[in-house]
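All chains should be built: construct the whole structure from the sequences, respecting the hints.
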Amino acid sequence: MLKFIGSRILSKTLAYNKTHNVLLKMCWSFCLIFLFVGCSQNTAPLKKQHLCLNLGQEPVSLDPRLARNVKDLTLIRHLFEGLYREDASGNPQPAIAQYVEISNDLLTYTFTLKKTNWSDGTPLTAHDFFYAWKKVLDPQFASDYSQILFPIKNAKRARLDKGSIEEVGITVLDDYTLQVILESPTPYFLNLISFPTYFPINKAFEEKSPNWLNPSGKIDATSFICNGPFQIVNFYPGNHIHFIRNPNYWDREAVHLDSIEFTLITDHVTENYLYEKGKLDWLGQPISHPISTEAMEKYQKEGILQSFPVAGTFWINFNTQCFPFNHLKLRKAFSYAISRKDLIDHVLQGGQQVALSLIPPTMQLSDHPYFIDENITYAQVLFKEALKELGLTRDVLPPIIFTFGISPRNKKIAELLQRQWEEGLGVTIILEGCEYGYYREKVRLGKFQIGNGEWIGDFNDPITFLELFKTKDPALNPSGWEDEDYIHLLDLSNTTIDQEERKRLLKEAEEILMKGMPISPLYYYSFDYVKPAHVQDVILLPTGIPDYKRAKIQY
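Per this note's numbering, the very first residue in the sequence shown carries number 5; after that it's consecutive.
Think of the hints as simulated: they come from the structure by calculation, not from any bench.
Just so you know, even glycine gets a beta-carbon here, dropped at the ideal spot from N, CA and C.
Hints are supplied without guarantee of correctness; some may be wrong.
Quick list of in silico lysine-lysine cross-link-like pairs, DSSO-like style, CA-CA up to 30 Å [unchecked claim]:
id, residue 1, residue 2
1, 212, 138
2, 535, 415
3, 451, 415
Now the in silico label distances, taken between C-beta atoms and shown as ranges [stated by the list, open to error]:
id, residue 1, residue 2, range
4, 307, 282, 11 to 21 Å
5, 400, 501, 49 to 59 Å
6, 430, 146, 46 to 56 Å
7, 171, 226, 30 to 40 Å
Here it is as structure tokens:
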């Protein structure tokens, strides 16, 4: 009721006098704080093992088959669980699977399932996995991550509507035995099945209530059936999401928290205030907004800022299909002229690391960098050679347009690179910041010269990065670069059984990519955050997903 009254007053006042926007924003933030305090008081009995977090925005989807952003995936990994679950090092460990038998040719995986239950107490069987996976491969189903199932025999053909779904290599041998046949040996297959797209869905419940994951109004424990360590008590859009420990979870003894409350506060100032007042148990990534520069400086001085390296890389895309970045030496000149250290020290100011390769340190392939940071002398030599080979002079080279998805971080990065390129190479750089939807469309159509790109690994294996550049698919590889030797090496890596040989093949592939320089890596991700000392045993996975399964409150 308080939220409704606050909204009504705010709307009425805005109509009355638009000149009071700043004051109203402060008032609205106060209302949110007051509401949050009231909520905290109402949940006081749960305080001992109750975690309060701010999600910062509503989830787009809680369907494991549809979700793709970090926040949605975080919620889903606590509501659902697959055959395997990643440990703290990102290695897959049996979860719903009791054990797996793998054939000598690495093509057939036979999973024996534990006897576990859904949150409503009904048995979870192999049929639930079979149902969920085949739904993902239905050409009419809107899953953005269907390709993660493509190692399964005939899965890609089914998804592209070139073969029958019945031909896909997934078979239920009995209620607790699931057999999977692959197209070719896939050494990282157990990593793949730890990803939410491989999670089960309660077949009987979905057939009875087909819109259960997209209901109108609030979600509660009776309308949302899951199998993970937690379950939803309620979800009020625009307000909060409340989880409690799932009493039917197979490993419930390992779960210490009684409940987790996710608020949906979008305002950074309000979020920071609530953390300072002890009403939030975490500030910063990965669960919520990045900490502001001012707050980061404060927490650094206090010695409480923490950084966690993540399997993610931020880079610059060069459009290799259009002038002038269809010229290799020009791409290298622009890449070598960048001071990545300057970017980290003066713009990002967190725990990021200079990136001199695509693959982040958490899954590193090479012991040596592929180029030198801020190699300005060599950059100028390459730039002059490129101009000569293009039949141009510096004076007649048209301005270069740097297009990027607009955000405070991206804008600061673009401004720094603009200065470095203009000072180091004597070129003119025009910045074009775009709303993300428009930016993605421009990139998809190839209407850019330089753009920004980034990726956080879906699972703990270098292939999750290298596969991005296997084809010219603009959704994943807007640079338009393609190389037959690179493709061949990746294909070979998927068929070899020898892990050292596979690593060698992937390393060679990365070398080819870096020599071709369709991208210029800038930095490796880290997530910066602060938390109170009583919040313990939160696991941050290498892929950037927080795991609260074993978290606890201990004073």
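Structure-based check of all given hints:
With a C-alpha separation of about 18 Å, the suggested pair residue 212 and residue 138 falls inside the 30 Å cut-off, and the hint holds. The suggested pairing of residue 535 with residue 415 holds, with an alpha-carbon distance near 28 Å, which does not exceed 30 Å. Distance restraint check for residue 451 and residue 415: the Cα-Cα separation of roughly 19 Å lies within the 30 Å cut-off, and the hinted pair is therefore satisfied. For residue 307 and residue 282, the Cβ-Cβ distance of about 19 Å falls inside the hinted range of 11 to 21 Å, so the restraint holds.
About 55 Å separates the C-beta atoms of residue 400 and residue 501, a value consistent with the hinted range of 49 to 59 Å. Range check, residue 430 to residue 146: about 48 Å between beta-carbon atoms, so the 46 to 56 Å window is met. Between residue 171 and residue 226 the C-beta distance comes to about 38 Å, which sits within the given range of 30 to 40 Å.
This entry satisfies every hint, going by the numbered hints stated previously.
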